[in-house]
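There are 4 protein chains.
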Amino acid sequence: MSVSRERLIELRRELHRHPEPAWREFWTTARIVEELERIGVDELYVGRDALADERLGVPDDDEMDEWLERARAAGADPDILERMEGGWTGAVAVLERGEGPTVGLRVDIDALPRAESADDEHLPAREGFRSETGAMHACGHDAHATIGLGVLEAVTDGDFSGTLKVFFQPAEEVIGGGGPMAQSGHLDDVEYLLAVHVGLDYPTGEVVAGIGGFLAVTQFYATFTGHPGHAGARPEEGRNAVQAMAEAVQNIYAVPRHGDGASRVNAGRVGGGTATNIIPEEAFVHGEARGETTEIRDFTFDRVRKALEGAAHTHDCEVDVEIEGNAPSAESDEELVDVVQDAAQTHPDVTRATRRGELGGSEDATFLMQRVQDAGGLATYVGIGTDHPGGHHTATFDVDEDSLEIGVDVLSEAIEAIGRDRP
Amino acid sequence: MSVSRERLIELRRELHRHPEPAWREFWTTARIVEELERIGVDELYVGRDALADERLGVPDDDEMDEWLERARAAGADPDILERMEGGWTGAVAVLERGEGPTVGLRVDIDALPRAESADDEHLPAREGFRSETGAMHACGHDAHATIGLGVLEAVTDGDFSGTLKVFFQPAEEVIGGGGPMAQSGHLDDVEYLLAVHVGLDYPTGEVVAGIGGFLAVTQFYATFTGHPGHAGARPEEGRNAVQAMAEAVQNIYAVPRHGDGASRVNAGRVGGGTATNIIPEEAFVHGEARGETTEIRDFTFDRVRKALEGAAHTHDCEVDVEIEGNAPSAESDEELVDVVQDAAQTHPDVTRATRRGELGGSEDATFLMQRVQDAGGLATYVGIGTDHPGGHHTATFDVDEDSLEIGVDVLSEAIEAIGRDRP
Amino acid sequence: MSVSRERLIELRRELHRHPEPAWREFWTTARIVEELERIGVDELYVGRDALADERLGVPDDDEMDEWLERARAAGADPDILERMEGGWTGAVAVLERGEGPTVGLRVDIDALPRAESADDEHLPAREGFRSETGAMHACGHDAHATIGLGVLEAVTDGDFSGTLKVFFQPAEEVIGGGGPMAQSGHLDDVEYLLAVHVGLDYPTGEVVAGIGGFLAVTQFYATFTGHPGHAGARPEEGRNAVQAMAEAVQNIYAVPRHGDGASRVNAGRVGGGTATNIIPEEAFVHGEARGETTEIRDFTFDRVRKALEGAAHTHDCEVDVEIEGNAPSAESDEELVDVVQDAAQTHPDVTRATRRGELGGSEDATFLMQRVQDAGGLATYVGIGTDHPGGHHTATFDVDEDSLEIGVDVLSEAIEAIGRDRP
Amino acid sequence: MSVSRERLIELRRELHRHPEPAWREFWTTARIVEELERIGVDELYVGRDALADERLGVPDDDEMDEWLERARAAGADPDILERMEGGWTGAVAVLERGEGPTVGLRVDIDALPRAESADDEHLPAREGFRSETGAMHACGHDAHATIGLGVLEAVTDGDFSGTLKVFFQPAEEVIGGGGPMAQSGHLDDVEYLLAVHVGLDYPTGEVVAGIGGFLAVTQFYATFTGHPGHAGARPEEGRNAVQAMAEAVQNIYAVPRHGDGASRVNAGRVGGGTATNIIPEEAFVHGEARGETTEIRDFTFDRVRKALEGAAHTHDCEVDVEIEGNAPSAESDEELVDVVQDAAQTHPDVTRATRRGELGGSEDATFLMQRVQDAGGLATYVGIGTDHPGGHHTATFDVDEDSLEIGVDVLSEAIEAIGRDRP
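Protein chains in written order, with the numbering used here: chain A, 90 to 512; chain B, 90 to 512; chain C, 90 to 512; chain D, 90 to 512.
Hints in this document: simulated from the structure, not taken from any laboratory. Mixed in with the good hints there might be a few duds.
The list makes no distinction among identical chains, and a pair is therefore deemed to hold if it is satisfied within one copy or across any two copies.
[Said to hold, decoys possible] Within a straight-line C-alpha distance of at most 16 Å, the following computed EDC-like cross-link-like pairs (lysine to aspartate or glutamate) qualify:
1) K395 to D409
2) K395 to E325
3) K395 to E411
4) K395 to E371
5) K395 to E221
None of these values were measured; they are calculated from a predicted model.
Looking at chain A on its own, in the form it has when it is part of the complex:
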């Protein structure tokens, strides 16, 4: 295939230097669009045109304006930025290559709101492409975007017959972008969908043809509002939001298990109150519910909501429950797993072509997979192994750049095979 290893590395490092969190991928989208225009695609949808109306986990206007300004200052094309105002980031690129099936490839592009290691042991620091924004590509989405562009270019130069759509999805980390991209209409004619993730504790050289076991998830932010009171003189005036929160937390973890499969709950971040001598007026729980199936997740979250409401009632508080993000469960389809495994087995640098893996976590690629599967198509979630020194989401996470080429090769080979064989 035709994209050089050097170009992939160069592009990935450039993206790594400009990480942007969910719905703030202004510079990133603009940079991707530039590359797409350079490669030449048949159709290109940016921002508002790539997404349906219902986004989740969108930050406030000030926050978005700040990142938009930062993108501008970093040299992003103003015309492209204009198409993303209001945080409508992301893009869909379409390549038409004659008769054949419509194949989709989904890559996510957002970063995490955390600091990156400045340690000399950390390659991006040592080699000078460490984050310049305060955020960090600590989950490899810089590699994903690079692979997406690499595959597009490789397919352009190859023998694929059919239509290829590459989905550069925003806001995966808040489980907020998968839904609106799935409902954008661009998925409606996709017959085969490949989603891709690097790492996941698989080493460089291993490719996992079909990952399943995605837990459906709902993330929520609950705010309790009561009434303050002086803790010494007037405790009875207080309607205690921290007490309500504490009661809710206890009951969230005590939501019944489900006989049909695994469920998960977490009150991952909580807080409340202002001073030791004031009965707390406000408190919050930022948490999530998951399930092995979407039904189990729904059962679990329904009970979480009851726990939040019951606790508010007990302490005479109000509770506001905001859904921040959610994603269904999903499984990879055998027929498509076969194709990817075959493509992986023939690659000289692939030392292990694993058939199946389990995620045990959540991902909003499941929205896109489900959309395609519900319409009778096939989907698989492909893992491209990469040696990563630190764990996902940590300050020292990094990808082994050798895996970029493997990813591009295996995926474009699989896409050609799909065009040939319509599995």
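Use these hints to put chains B, C and D onto chain A, whose structure you have.
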């Protein structure tokens, strides 16, 4: 005065042998009525005629029939029993002695549903007047009834001018009889009310002229109803009543303190569930809320109720909250305390005439006190010290029979003084 | 085979009329021993000789004496009863039939401490073999014991070559008898073990050759001991056992889920306290922890124990945690499942020979299965379908007596096949 | 008396402009020392010389250095600052005026870590003496320090015979300075102690001669440390600090009430966790326990501590409980109240000389009061009414400057009277 020490002891022992719990004082009321008829009173109201409609803590029909039958078997007068059908126990006796104020004396007559000690150290066991019913006079109401009759007889034979009403109140232990007796109409013309209690950790020879610090109280019985489920196979089918109860208990004790004074909460008896492998379908809390004032009690119980409701909501259960009994707070009036203290000080066997005491507990005599005070009258709650080997409500509680005469003398002396001086 | 349908029904009805709960199976064991002696076995171990030392869930002496006496009164052989004193119930019968493998069959014999329906719709009531003891065979162990005897007799009369051991296990319902029988030594030379259960929602005519998915379980009884106090006057003197219990219950249900598989928790029966106005001195939780593997169960129960201890510490109480019963998880072995499925498929009344089923509950047959498997042998847990009008453990549970013959036939056929083929 | 109203106002405004929180009163102490040197005192103890070793609520070194630097930049005398290094702020001034009793006056000098209103309605903003430090004198300690200096100057110029010690106490707001000042030795010969507070909802013109009802208090900061885990994949690896905190909060509020008097609890500020999908590793509770007596406070805090420990045990976490501040309860002595009331009654601007008030809150002046009372001396806590537009601790709190002169006059008059009459 005219009632012999021996008669008082004999009568008290007879009553002690036939203890009957709340709303089951059939034999006791009948025996009191017999005495009243022997003494001769001007008016006599029994059962339904002595009480307003709203009783609390009434047992079910089977339970009442059983005790009615038992009373019949023990020789109670069938004609009197007939007037108490349905658990309308208790009586009001009126003595008219010419011009003068209307004075009330309230004594309670019910026993506790607990076994009495059979130990030889325990006087009723040794002397052969231990309970024959399974219940026990473990709070001295046998002495109260005896004192009530003794005072009536003493006043009959004495120089009192005015009207004396003696209230033989049922169901104090469930805080259920004070309310309906207070609303019966018989209190409406009472200008001075004396209530009496023996013991309370005051020794024989001490009389406390005015006890205050009654905590207002509400007793409740809450039943949670959920849905069972097999704990191994189908935990999600359960709507867990025990979990709801546990959450409620935690929050009942965590009801805010009140800046205006003391409050109390207790989940004194709880239970639920049927087997280790069944998600519990039912559970209950039998508890109470108290307050230094009626307002504090109301605040506290309102929050208890919210805790019960909130917990039910959390676990998708129903909760039914039944009010079993309640009583307001009360204080004794200085002017009447003076009268009783004077009467006590002149008695040869009174070694200590204490002015004021604090109960720190609850009593439904407060309903009667409040009724009189609200109409502009005066009330006091008098403590007649008695050496008691075991604590109140324990299996070895007993009264020192020397205190019976002291009680009769001091109270009838005080009543005569009221007739004389209209304090 | 040789046991008549009528005899099986007659025997089962006789056992159904005399249900005895765990460790109280005096009459039942004696009756089984009589049958064994009639059939003629080579070795017979009763009570103490059939069990290792460590029993769980043993009732107190009074309770056992009462049931022993009842068995005597119902005509059980006094000589046999003598061998069971102290609640050492159950038996192991050995049949030696020449060269060949040692095969075990495990049936359990105890009943449940619950009342049986007296409704005319309920066959045992209509046909006059309803329980005469107050307990009830509401889980079909009467059928199990009958099948155990039927198989023994059938094998005696058949072509089996090898050694057959039938384990009449006591105390399955409290998960208390499996452990001591597994450690009795009688399992040590068993190479193939069949365990059997009727019903489980499978209809008459269906046989499930291998049931798996047993959850490992630990049942516990925790007692909290604090200190009483008058709830009005001296709340600070109380060390509140009900509060501790409530805190423990909340945290038991909130024990973390496990990433390796399913776990379960239940506080199935709780209680505490004596009166609304006494701070509760005692409370209990009767509950259980389960896990898809023994390790998950251990993790879960360890956290349950911490919740009990932590709650006791918070409320300054003592907690005593007694393990009442426990069982490991287990799976059926493929090779043995094949044999049973083959035997089932050839039976004319078997309409469906299902290969695998999932229990989703717990069973202490797993102790015996594990013992055999750990020594290199094979085990399977066989389901014999039976139409049952009410669910297991309910008042209207009953077995379809047609399934008795199917059970005897399929199991004795499988045993002969094992003797022949040593799978 | 001799200090002009204008000087008092000028000094108070200067102090108001430089508010410094607990243990950071560098500029404030230096300014006070300058004034003391100007007035001329016989002995002067600053910082380390004015305090015993055990301080509570001391901030970390960086924080102190920052405020020290700020004080230096604002023109504080470097020689005086040197004596306060390490946050040893505050001072004791001694005036020897011949034969007579030793009288103490305690004023506190620290500010609150909160922003001050910039609204034009707010006098300090309108008149240009609003806070320049980010902190705020929102509880009138600027007035207290001013009154302390004013009294010293007035007594210098008056007829007092005896010794006067003025205690400029740091760190009252964190209940951290009263203890070390009480144990400094400077209190040991004080026979009469006056403490003073402005406002407390008493209007200008009212003086309260003796405030009591101080609740003893302990403030604590508890940190729970567990272990993180991925909430989806590895929930069992988590030892959940937020769950522990929530359990602790529920039980802190559920600490038993006390029969001997009021108690208070509050978990005023809590927090924990980092992300929705991580089992929280850390959490904290910043709270307090109070009691009407020191014994009740001790009982209550002991139970709070047990709740913290029990919750940590349940969730397999560690808990570290740091005592941040504490103060005993106290009452004002009648004899000294008389003296102050007399002094107040004769002042022309005092419209109401109230004898007694109740605080219903906590104050670490009680350490000094208790020290004097324990040695046989007398103490009273004097309220100087002042119209304050906003409540204490709010952004718009301010003192009516008319009350400064009233405070100086009444207190110096009372001190002279003590010298005269040795009450």
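Hint-by-hint comparison with the structure:
1. K395 to D409: Within one copy only: 12 Å inside, 19 Å across.
2. K395 to E325: Classified as between; 14 Å across copies, 26 Å inside a copy.
3. K395 to E411: This pair counts as within: shortest intra-copy Cα distance 14 Å, inter-copy 24 Å.
4. K395 to E371: neither (19 Å within a copy, 19 Å between copies)
5. K395 to E221: Neither way: K395 and E221 sit 43 Å apart in one copy and 46 Å across, limit 16 Å.
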